[in-house]
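S.K.: Here's the letter readout for the chains.
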Amino acid sequence: MAKFNFTLNGAPAEVDVDPSTPLLWVLRDHLGLTGTKFGCGAALCGACTVHVNGGAVRSCAYTIDSVQGATVTTIEGLSKDGASRIQQAWIEHQVPQCGYCQPGMIMAAAALLAAKPKPSLADIEASITNICRCGTYARIKQAIFAAAGTGR
Amino acid sequence: MDAVLSPPRPSRRNVLKSLAAGATVLVAGRAGTLELLAQDAAAGGAAINAYIAIASDGHVILQCAQSEMGQGISTTFAAILADEIEADWSKCTTVFSPAAFSPGAEPFRNPRINWQFTGNSESISSFHPFLRKMGAAAREMLIAAAADRLGVPAAELVARSGTVRHASSNREIGFDEIAAAAAAKPVPSAPQVKPESEWRIVGHGRALPRTDIPAKVAGAAVFGIDIKVPGMVHAAVLSAPMIGGQIAAVDDAAAAAMAGVLKVVRLDGAVAVVAEHYWQARLALAKLKVDWQPGSGGAFDHAAIEAMYGKAMDGDAGWAEAEKQGDAVGVLAASKRVIEAQYQSPWTAHAPMEPMNATVEVTGEGASVWAPVQGPQMVQIVLAQVLNVAPAKITVNRTYLGGGFGRRLLADFVAQAAICAKAVGAPVKLIWSREEDIRQDWYRPAFLQHLRAALGPDGYPVAFHAKLVAPTILSPVSPEPIKPGTVDGLAVEGLIDHPYSVPNRRTDYNMLQVPIPTMVLRTTGHGPNNFATESFTDELAHVAGRDPYQYRRHLLRDDPTTLAVLDRAAALAGWGKAPSGHFQGIAIVNGFGSCLCQVVELSMVGGAVKLHKITSVADPGRVLDRTNAISMIEGGVVWGLSVTLYSAIAFEHGRPRETNFDRYRVATLPDAPELVTDFLENRKTIGGLGEIGPVCVPAALCNALFAATGKRYRRLPLAREGVFTVYGKIYG
Numbered sequence: 001m002a003k004f005n006f007t008l009n010g011a012p013a014e015v016d017v018d019p020s021t022p023l024l025w026v027l028r029d030h031l032g033l034t035g036t037k038f039g040c041g042a043a044l045c046g047a048c049t050v051h052v053n054g055g056a057v058r059s060c061a062y063t064i065d066s067v068q069g070a071t072v073t074t075i076e077g078l079s080k081d082g083a084s085r086i087q088q089a090w091i092e093h094q095v096p097q098c099g100y101c102q103p104g105m106i107m108a109a110a111a112l113l114a115a116k117p118k119p120s121l122a123d124i125e126a127s128i129t130n131i132c133r134c135g136t137y138a139r140i141k142q143a144i145f146a147a148a149g150t151g152r
Numbered sequence: 001m002d003a004v005l006s007p008p009r010p011s012r013r014n015v016l017k018s019l020a021a022g023a024t025v026l027v028a029g030r031a032g033t034l035e036l037l038a039q040d041a042a043a044g045g046a047a048i049n050a051y052i053a054i055a056s057d058g059h060v061i062l063q064c065a066q067s068e069m070g071q072g073i074s075t076t077f078a079a080i081l082a083d084e085i086e087a088d089w090s091k092c093t094t095v096f097s098p099a100a101f102s103p104g105a106e107p108f109r110n111p112r113i114n115w116q117f118t119g120n121s122e123s124i125s126s127f128h129p130f131l132r133k134m135g136a137a138a139r140e141m142l143i144a145a146a147a148d149r150l151g152v153p154a155a156e157l158v159a160r161s162g163t164v165r166h167a168s169s170n171r172e173i174g175f176d177e178i179a180a181a182a183a184a185k186p187v188p189s190a191p192q193v194k195p196e197s198e199w200r201i202v203g204h205g206r207a208l209p210r211t212d213i214p215a216k217v218a219g220a221a222v223f224g225i226d227i228k229v230p231g232m233v234h235a236a237v238l239s240a241p242m243i244g245g246q247i248a249a250v251d252d253a254a255a256a257a258m259a260g261v262l263k264v265v266r267l268d269g270a271v272a273v274v275a276e277h278y279w280q281a282r283l284a285l286a287k288l289k290v291d292w293q294p295g296s297g298g299a300f301d302h303a304a305i306e307a308m309y310g311k312a313m314d315g316d317a318g319w320a321e322a323e324k325q326g327d328a329v330g331v332l333a334a335s336k337r338v339i340e341a342q343y344q345s346p347w348t349a350h351a352p353m354e355p356m357n358a359t360v361e362v363t364g365e366g367a368s369v370w371a372p373v374q375g376p377q378m379v380q381i382v383l384a385q386v387l388n389v390a391p392a393k394i395t396v397n398r399t400y401l402g403g404g405f406g407r408r409l410l411a412d413f414v415a416q417a418a419i420c421a422k423a424v425g426a427p428v429k430l431i432w433s434r435e436e437d438i439r440q441d442w443y444r445p446a447f448l449q450h451l452r453a454a455l456g457p458d459g460y461p462v463a464f465h466a467k468l469v470a471p472t473i474l475s476p477v478s479p480e481p482i483k484p485g486t487v488d489g490l491a492v493e494g495l496i497d498h499p500y501s502v503p504n505r506r507t508d509y510n511m512l513q514v515p516i517p518t519m520v521l522r523t524t525g526h527g528p529n530n531f532a533t534e535s536f537t538d539e540l541a542h543v544a545g546r547d548p549y550q551y552r553r554h555l556l557r558d559d560p561t562t563l564a565v566l567d568r569a570a571a572l573a574g575w576g577k578a579p580s581g582h583f584q585g586i587a588i589v590n591g592f593g594s595c596l597c598q599v600v601e602l603s604m605v606g607g608a609v610k611l612h613k614i615t616s617v618a619d620p621g622r623v624l625d626r627t628n629a630i631s632m633i634e635g636g637v638v639w640g641l642s643v644t645l646y647s648a649i650a651f652e653h654g655r656p657r658e659t660n661f662d663r664y665r666v667a668t669l670p671d672a673p674e675l676v677t678d679f680l681e682n683r684k685t686i687g688g689l690g691e692i693g694p695v696c697v698p699a700a701l702c703n704a705l706f707a708a709t710g711k712r713y714r715r716l717p718l719a720r721e722g723v724f725t726v727y728g729k730i731y732g
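Quick note, the sequences are listed as chains A and B, same order. Going by the working numbering, the residue at position 103 of the first sequence is 103; the numbering climbs one at a time, nothing skipped. Going by the working numbering, the residue at position 478 of the second sequence is 478; the numbering climbs one at a time, nothing skipped.
The hints are simulated quantities; they were obtained by calculation from the structure and are not laboratory data. From a predicted model like this one, the values you see are computed outputs, not experimental measurements. There could be a bad hint or two in this list.
One side only, chain B facing chain A, incomplete, derived with CB under 10 Å [what the hints assert, rightly or not]:
id, residue
1, Arg210
2, Ile213
3, Ala221
4, Val222
5, Pro352
6, Glu634
7, Asp671
8, Ala672
Idealized CB from N, CA, C, for every residue including glycine.
Chain B with its partners taken away, still in its complex shape:
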């Protein structure tokens, strides 16, 4: 998906030229994350390039262009650089880079699409070759400086663990001693990256302790909500209860008279109270009397939305062809053995543990932002519009993110903080309540798929036709308007690119127009579409009278790399060898540049589901850090359990019915069964692991449930289909 997540942009510049530009910025220093180096630069430290500086005490300071939202990127990103430089990993410090519209910060854009964002599971896949070059360039500059100092040819020198060594004279020189000279060396035009065999920090099954964890267990890690700025005041927000609602009238007399209240600020479809302390703002918010004007969708309810899906699916209007190979429709029409089924995934909310928040100080010429964001450039663009300044005048200081899952790609909450800060003339920290966080979410929409297959005499499909009805999920972050009647490339993921060999295939997509804001959410289109295709594959296997694993083996006969993942997962899970009374389900996906197969093992206890084990095998091409890779898959499995078992947003009176974790249910600790995770490294290119983990859980679990009960579940979440786990007390 080349068009994803990228507003209009200037043409890409030469990477190595921009290294030099970035270096200037590093030496100059900036507020926030770079103070460390700026102070040190005066003492003799030097920036080698935009990403790499060496402090006077020998510490290597590495810029992380990506946001740390739990996926461990602040460790892995830095480790890739450190490995290529030949730095001493125990003496590396990671800082979060500035936002890429800031002066000299262009090198922090994702090099694939020239836009800085963290998402789409692509931090590693898009940055890996680039970071290796950055590190190699720094290493070659350090070696060139050492060659001058030692009076020997560069070819006789090697860099190792923070030093440059000359073997024959048994001399070595620390990076700190040659940093300034190295920074003055010309930037190599074609830096030579190390062969993989010489990776010393990442890869080769290594497990790297994450650098952010000690602060996180001490309660010392700074998330957006923890920011303290001198003179800061606090804002709480009440948005229109109905989606798209606007303010008709506000009576704020009682609120404005409350202790500590500084100002009541009108926002777009919301009212904020700014007070000296946060709870004062919350108390005053409760005293506001607001008349709301309903949104364009009016008081729609869930049944009306569902009816729109059904009407679109059954009608002729709005369809666009997303994929075609052979003549699936013709073969299906001529076939006497057609299987069809319809699947439905619900509306869901992001609901990261840290509610949306931002701290903004508006200055004479721009603004400073401290916020947990996935889209730093999006923040710059949005605040530039709000404050009528250039994007480069918006300084974004990135904090840790208490989860993101796609929600923090947007900057609507930052804009609210900026409007409040401008209104009161002081830095404002704005925090949404959990109810606001869910009510002002941009939801992942429900997906409705109708799948048809024609089976040949051998029981395998000769034609496959998928029809998908779903609103766009790409629109809020797309560079171009996503027009109705066209294809949203993210929404059809997993349908147009499933790995099975079927000679005739076709996918049609109908972009439903709904009065509800929609957005990417962890697993984008893959999650709902894999639930459909991999449940359906089991249904076909059942009709054909074949074992679901063996059936998939045949369908993957032309794709040995994917087949290897399937086989490894089946072997690791003990497919077909589960204890008596245990049942297994399997599903597989190719997505985010990786492959994943999962096997769920469960039993039924008194009519309730007891999960025993979930086995995951992924092939991301290369595993750079095994511990973190396992964490991504384990966490993904639990995310998958939430969406399979519990999570759903329904709408009543034009508003979401679920606005906190009492009704917006997510998986809790007893839900997590034994998790077994392993990796293959057969794929030719490196892929992502952050988004893929949940993808196969819904289908694998429902396939196991079918094996156990003979009942096929085609709608999620299961709690609303009357399926309970032994941990019970699940309600719809």
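One chain only, chain A, in its complex shape:
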């Protein structure tokens, strides 16, 4: 067990856990933020995507000892009330079906748009590698274009 301090959604956070604990389980199980989802445990599906120091990471394979002193943003911290332009685009395009993968999708899309405010289709295809078993990909593409202001 060891203590770790970081900034979580704009507020200080401290946990005392085994250093090998993935950030995902620190968020879900110790800090009560369950918007970030467990899908594969091997950084394959992206359901656990959060931002660490502004970049998208797969928190199921990102141990807490890598987070010491970092700034972490989860779906709960993306906007105060789900009102970010990305989340609004997700609602407007009625993207989610079961919805389980969508917080990770939205966090991946937010990181993409932060890096490339007007992404091309190729940019989206290269950077949104998360898995959605319900198959909402077509609407995800539309929603990202809409959030970028390049909707068609």
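Given the structure of chain A, go ahead and fit chain B onto it with the hints provided.
M.R.: Below, chain B without anything else, positioned relative to chain A:
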């Protein structure tokens, strides 16, 4: 399929009598989803019937008997009720109903088979007439109460948007003001549903924003894995690596000494560690030393399983006749123009994004469950056996499901959580790793079909004979044992009921016995069987020298409703008018009470497949909510691409080789091409859209691939046949 998904059951009671029984339950309130109403009831709210309550602020609270696993049923189910009541949709709240063995909860059973489950694409088709009656009964009771209050005949009143109105005196009264009086009115014996022309919320091309989406994009929606119960601890599971394996010996000394560990619990063919936190349980799990005893199948491998299929297909034993019309075998024997081909679909896993999980608290007299399940009554039956209590003592609080696809009809994972909860005397949330989720799956089995057709002088089939080898998919959820040598009605779907006019037809089925658990999975028998029949139809068209679309037109000459879907899809896809270098494939199915035709358009780029467009036209009789209907088809197409291109489970040493998304490949975002979807509403009865979406994709894609390359692919997935997409890096 009347026998599907239904354990033994009591005789059906009168629907309207049970409405009244349910109302009592609503007023009494229960833990969980009904707290809202229970609290409100004290403030003057009232339950009109089992499904419908009116809160003191005028909100209409609607019970959803079905599980929300992404198909949008929590919106559509409530909207059907709200429309019939004449409620104000902006003031409706949906809650998930209790499980149907719970006291007074019988009205939440699927009225077709008197059993509560979500699956088989039948939430709408089975509940629609029933829900309309429920809503109409509530509306008539509200109007009767308003008639008393306003002192006018009920016939002069209309309900509209949460009020009852009297036009001639220009008076209206809110539902909230008459809720209690309405609840005391006698339940109408024959409530009159509204004509379709007066539907104001559903149908008529309307697109209804889904009510679950805002919470889902905010990360606030509560799935099973998100449940928090006071005093809850966590369990992780290690199951036998080989299918059917059992524990021979466990050395848990190192695991038990790990930080936070509360108990190591032996399960059936698995060991669980219960700890204060989930990751502590996972760390301790890695310290377990378990000797496993192999299952009855031993260390079988994939080649051995495939050989069993081949032997069954070629042999005489185990066959049962599933369908016969005319004399297909005799005509084939006499024909000089026989075409035959064999098709194979692989083993697949459900792998919903949310791994199996459940939270259980065992109490003195029963248990409380919080879980993402498709079969609430199945949970009650299974836990009743595990805990030796009556099913009614098991309270099931349903959460959102992070996908289901059939897997969550079973309750094996809930039973594991219950055993752990009983062992530690605290609420336990048990979560499978993805590896456990796939290893402990009940798979959709491989299907092997041998199809033969005799062509007449005009090139059209005069006889069609299908032979199917596949294990049962119905057995785990069937009320009766499915005996070898009989017909599994779900496995032969799509063979016995394909829509083409062929005078002599026959289907034989051989229920293979395998040492692997098998189960329904999205598209049940239709998916593999449509791959076979609709690929084969293209092969026949090719032999006959005819266009695949025109060939099907002729075969559908006696079925104008299905033909209309084919024609609409061909027109929408621009059949025969694709750009140079693009190739099209078409396939059609009647299933789940609906019809669907899909056209795939692709090109070949440097030897790889590039998908351009998939056009889908469905006729479900009535489209209640266009946005969600399109979503179901779009998502279904992507599911179909997964099974066509990538997904397969193979077995090595008696265990699945693929246990995570690195090797169990599924479609990803670049795989989704342009999707064009439209609907017809010609069918006489309402059908399902949740399962049909993937069905025609395999055949339509392989038919397009044949048009492009001249090569016919008869085995799936294509990645294991050396076919790559331009997004590449596909391996077998």
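S.K.: Against this structure, judge whether each hint is valid.
M.R.: Hint check results:
no.	hint	verdict
1	Arg210	holds (6 Å)
2	Ile213	holds (5 Å)
3	Ala221	holds (6 Å)
4	Val222	holds (8 Å)
5	Pro352	holds (6 Å)
6	Glu634	holds (6 Å)
7	Asp671	holds (7 Å)
8	Ala672	holds (4 Å)
The earlier numbered hints are all upheld by this structure, with none contradicted.
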